[in-house]
Structures are given as C-alpha cells and as structure tokens.
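Participant: Listed below, chain by chain, are the residues.
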Amino acid sequence: MAVDSKTVQKVALLAKLKVDEDKVEATKDEFNKILKWIEQLNEVETQGVEPLVSVNEEHLVCREDEVTDGNIKDKILANAPESEFGYFAVPKVVE
Amino acid sequence: MTDLTDLTIAEALSAMKSKKISAEELTKAYIKKTEEGRKYNAYVLETPEVALQAAKVADENYAKGTERALEGVPMGIKDLFCTKGIRTTACSHIIDNFIPQCESTVTQNLLNAGVGFLGKLNMDEFAMGGSNETSCFGPVVNPWSKDVNLVPGGSSGGSAAAVAAKMCAAATGTDTGGSIRQPAAFCGITGIKPTYGRCSRYGIMAFASSLDQAGPMAKDVKDCALLLKVMAGHDEKDSTSSRKAVPDFTKVLGQDVKGLKIGIPNEYRPQGLNKDVEKAWDAAVDMLKARGAEIIDISLPHTKYALPVYYIIAPAEASSNLARYDGVRFGQRVDGAHLDDLYINTRTQGFGKEVKRRIMVGTYVLSAGYYDAYYVKAQKVRRLIQNDFKNAFEKCDVILTPTSPVSAFPIGDKSMIENPINMYLNDVFTVSVSLAGLPALSLPIGLSANGLPLGMQLIGKAFDEETVFKTAYALEQDAAFKRI
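As they're listed, the protein sequences go chains A and B. Per the numbering used here, the first sequence starts with residue 1, numbered consecutively. Per the numbering used here, the second sequence starts with residue 1, numbered consecutively.
Any given hint might turn out to be false.
With a Cα cut of at most 25 Å, we get these calculated DSS-like pairs of lysine-lysine [said to hold, decoys possible]: (1) 92(A) to 73(A); (2) 17(B) to 33(B); (3) 304(B) to 36(A); (4) 33(A) to 353(B); (5) 353(B) to 18(A); (6) 258(B) to 390(B); (7) 33(A) to 414(B); (8) 10(A) to 353(B).
In short, the hints are calculated from the structure, not lab data. As the structure is a prediction and not an experimental result, all values here were calculated from the model.
Produce the complete structure using the sequences and hints provided.
Facilitator: Right, here's the structure in full:
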C-alpha cells in the first residue's frame with residue numbers, strides 16, 4: 001500500500017506535526033520505503049494466530065480503588081510552561 | 001595505589017568494607033575521570049555534588065557497620081530515568097528543561113542501596129536510534145575510537161561509553177530492541193536486558209511500553225548480577241512488573257556449565273555474515289564445548305520477520321506514548337494563535353527527525369483502515385516469534401548468538417543516514433528477543449581484526465536470568481577480555 005502526498009499530510013495532522021511543503025515528496029518516498037519493507041510480513045501465514053498483545057503472563061491485579069496521593073498541585077504544575085490560578089494555561093479556545 | 005576506577009563494583013565494595021579505601025576517594029576518582037573524559041560527550045549533566053553527598057553518607061555507614069548492598073558505588077544514570085530534582089531530558093529538545101518531581105523506581109532502588117549519582121548520560125532521543133546520533137546533545141564518541149570517531153552504539157550510548165572509559169562504576173540502561181546489548185557490545189562492556197517485567201518501568205520515559213526494560217551496564221558479569229538484584233522487583237506503580245521473587249544472581253556465578261545445552265540458531269548465520277563476528281562466535285562455542293556444555297543446533301524460523309514486526313509495534317506504541325509532549329503540562333512550548341497551532345508548533349520544533357519519522361509511521365499503522373493490515377498482523381507474527389523461542393527452549397537451556405552483525409562504525413555513516421532501514425538492520429540479532437520478552441546479556445568476547453570489541457549475546461528462558469549469568473560468567477573467564 002503506497003501512500004501519496006495527501007496521506008502524508010493527513011498522517012502529520014493526526015500526529016500533530018507539520019511537514020513543510022518542500023519536504024512532502026521526500027517524506028513520502030521515505031515513508032513508502034519503510035512501508036514496503038515492513039510489508040514483507042504479508043508472506044507469513046497468520047490464519048488463526050492469536051495476536052500477542054503483551055508477553056506478561058501474570059494476571060494483572062487491580063488494586064483497591066482508593067486515593068494514594070493528593071495535595072500535590074505545586075508538583076504537578078512545577079514544569080508547566082505556563083500556569084495561572086493553579087491551572088495549566090493555554091491560548092483561548094472559546095470565542 | 002592503583003587507579004581506583006579500575007576496580008569492579010565487587011572489588012570496590014570489599015575494599016570499602018575493609019576500610020582500604022573510602023567512598024569519598026572512590027567517588028572523587030570517578031569525578032576526575034568524568035572531567036578528563038568530556039571529549040566523549042557521554043554525560044549530558046554532571047552532578048558531582050550529588051555523588052559526593054552520597055559518598056559522605058556511605059562512609060558514615062561503613063564506619064557504623066550499617067552499610068547497604070551497594071553502599072558508596074558511584075553510577076551514571078541514562079537520561080531516560082526520572083531523577084527527582086535532577087534535570088531529565090530523554091535527550092530531546094521538547095523536554096530539555098524538565099525537572100522531575102518524582103524518582104523512577106529503578107533509580108530509587110539504587111539510592112536505597114547506597115548508590116551515588118555522578119550525572120545523567122547521553123542517549124538517542126527518546127531511546128530511538130542505534131548509534132546515539134539522534135541525541136539533541138550531539139553524538140557520543142566510542143572510547144575505543146582510534147583515527148576516526150566511532151559511535152558507541154545506541155540507544156544507551158552514553159552509558160556504554162562512560163562505563164568503558166571508567167567515568168562511572170556502572171550505569172543504568174534501557175533496552176527496547178537492543179539498546180543495552182548493542183552499545184555494550186560496541187564499547188566492550190557487559191549489559192543485561194532482563195525478562196520483561198523484572199524491573200519496574202515507573203518513572204522511565206516511555207518509548208514502547210510492551211518492550212521497554214531497564215537493566216545494568218557494567219564492567220563485568222558479576223557487577224551486572226549485583227546491580228540487577230537491586231534494580232529488579234515488583235512495584236505497585238507498574239502493574240506489568242512481575243511478582244516473582246528476585247534471586248541472588250551472584251550465587252550461580254562459577255557453577256559448572258557441564259551438560260548445559262547451548263542452542264545455536266542457524267538463522268543467525270546468514271550468507272555473508274561478517275568474518276570477525278563469525279570467528280568470535282565460533283570461539284565462544286569452542287569455549288563452552290571445552291567446558292563440557294552440549295552444543296545443539298536450533299531453528300528460529302521467523303527471525304527474518306522480527307525487524308519489520310518491531311518497526312510496526314515500537315513506532316505504534318511510541319506514537320501514543322509521545323502524544324503527551326504537547327507543550328501544555330511540561331517541556332518546551334512554541335506558541336501559536338490557537339491551541340492546535342501550539343501543539344503542532346511545539347511538536348514540530350521540539351522533536352528530532354528520527355522521532356518524528358517513527359511517530360508518523362506509528363500514527364499511520366494505527367489509523368483507521370490500516371490497523372488490521374499492519375498492527376494486528378505484526379502482533380500475530382510477534383506470537384509466532386515467541387513460539388519459535390518456546391520451541392527452541394524445549395531443546396536447549398540457553399541460546400548463544402553474536403550481539404550485533406558488526407562492530408562500532410564511524411559517526412555520520414552515510415548509508416545509514418540516507419536510508420534508516422540500514423540503521424535498523426543493526427538490531428537484527430537483538431529485536432526478536434525483545435519481542436519475546438526474554439532476558440539476554442551481552443558480554444565482550446574479543447576484538448575484531450581492526451581492534452574493536454565484539455559482543456556475544458546469551459538468551460535465556462523467561463525469568464531464567466540465572467542460567468544466562470552462569471553461562472556468561474564461564475565465557476568471561478575463558479575470553480579474558482581486556483578492558484580499556
């Protein structure tokens with residue numbers, strides 16, 4: 001499945017990235033090279049094979065649903081590029 | 001007195017216990033080496049004051065006889081581990097001002113055992129790379145370089161170079177597709193990626209969550225065994241960390257390998273395999289044979305599909321994990337008129353080329369219409385790769401392969417810059433192990449014709465690091481590799 005320039009732009013948008021106009025062609029070619037390479041998997045017969053989601057064979061245990069920390073607002077905001085009134089601040093999103 | 005930085009951790013611990021040396025002397029010796037070795041660009045942040053403070057506490061504990069397992073051992077920490085109050089960047093511009101408010105579980109375990117941190121170590125950006133060239137702090141120089149500057153391997157390139165150049169007693173690493181083992185091989189040191197789940201991933205910036213594992217990188221097998229015991233264990237903060245008891249790995253060192261079944265996969269010996277690598281492999285086989293181990297031919301038929309599987313699964317997981325770097329809660333922000341512009345500007349300017357490439361591939365293989373064709377298909381083949389190992393371990397106890405198909409290559413290698421797939425191919429011997437979640441150790445076995453270290457990889461059954469350590473220790477005795 002080869003991708004075209006439009007798909008490259010669409011994928012970039014989904015990933016919240018921007019590909020400059022003059023780089024779209026090169027990105028597309030590189031993308032197709034990688035896709036072609038990973039498509040060798042189509043040679044493998046996988047009918048009836050259960051997908052392996054995790055190698056972890058132990059059952060995941062649910063812990064008690066209880067608060068284990070809290071009152072750490074300052075820590076949470078410590079690395080924020082911008083914060084105001086105890087919140088993360090971003091450009092206005094409501095007109 | 002000999003150079004204190006020549007001592008292994010085991011030797012240094014015994015010297016400190018018997019008061020022959022102090023933790024302060026040992027730490028100062030490593031700080032001096034760190035300063036002398038700045039040309040290697042292994043450290044992205046030096047924290048001598050933190051290490052000296054830990055040494056002071058260590059010397060008090062030795063005086064009182066209350067020393068802990070790794071009391072006074074100075075270590076370097078890969079910059080992917082969050083260290084409380086110490087800048088942690090994943091070597092990416094997007095988060096190059098980040099001061100963690102918490103400590104990763106693995107580094108906390110080391111602190112609790114008395115380790116002091118000399119600083120944070122260089123790596124490929126977000127651990128994506130095999131040469132340490134994608135770091136926003138620039139490449140690391142392999143201490144084995146002669147006329148031309150060579151890469152230390154990656155992604156834990158700073159860790160491997162720092163250990164090789166004796167700029168720390170040992171270092172932490174992380175391994176997603178070979179990031180501990182390949183740099184260990186390139187720099188002539190020893191490193192182990194334990195079984196998936198052995199070490200907690202809490203506080204390690206996530207790359208591919210179903211593959212990431214932390215592990216030690218050190219001067220020899222015994223030091224790795226000592227370190228892993230401390231680093232591993234169940235953690236409530238990571239539900240995928242195993243509840244299995246962590247054995248004392250040093251107990252098996254020196255045990256007989258007679259009768260042990262060593263698997264040799266024929267798929268790892270393709271036509272045109274590098275002659276030096278082949279010779280080193282044969283030599284390692286002979287060493288184990290001479291000790292009475294039984295050599296068994298095995299087959300891992302899906303080996304050739306491991307890399308394509310990896311380059312679907314790892315980017316897919318990375319694209320979700322790296323969604324959090326959006327300029328809102330932490331890291332750098334590049335403003336925009338609207339919130340969406342802020343996200344796009346921040347991510348486009350903050351991430352490096354290889355990271356963006358992988359995010360794009362990951363986003364594509366997860367997108368509507370392609371999910372089954374790529375992602376689910378890769379997960380199915382991943383199952384077949386795991387089954388290959390399960391079948392092989394019916395016949396053998398441990399598997400021996402080279403760690404990498406090549407030795408260290410020059411910084412700025414054109415063929416790899418122009419075609420990322422050529423870089424990806426370096427991981428051909430390490431990725432299938434990661435996909436199967438198995439433990440694997442790399443140790444130096446000898447030198448190539450041009451004098452560069454070559455590593456051997458020992459792969460074990462899940463949670464059987466003991467057999468890996470036992471076999472590695474025997475090989476280490478016979479190889480008698482000379483460190484720098």
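Participant: A separate judgement is required for each hint: does it hold in the structure or not?
Facilitator: Structure-based check of all given hints:
Between residue 92(A) and residue 73(A) the CA atoms are separated by roughly 22 Å; this keeps the pair inside 25 Å, and the hint holds. The straight-line distance between the Cα atoms of residue 17(B) and residue 33(B) is roughly 23 Å, inside the 25 Å bound, and the hint therefore holds. Among the hinted pairs, residue 304(B) with residue 36(A) is consistent with the structure: their alpha-carbon atoms are about 15 Å apart, no more than 25 Å. As the CA atoms of residue 33(A) and residue 353(B) are separated by approximately 16 Å, the hinted pair is consistent with the 25 Å bound.
Taken as a hint, the residue 353(B) and residue 18(A) pair is honoured in the structure, with Cα atoms around 12 Å apart against an allowance of 25 Å. The hinted pair formed by residue 258(B) and residue 390(B) meets the criterion: a straight-line CA distance of about 23 Å does not exceed 25 Å. About 17 Å separates the Cα atoms of residue 33(A) and residue 414(B), which keeps this hinted pair within 25 Å; it holds. About 18 Å separates the Cα atoms of residue 10(A) and residue 353(B), which keeps this hinted pair within 25 Å; it holds.
In this structure, none of the earlier numbered hints is contradicted; all agree with it.
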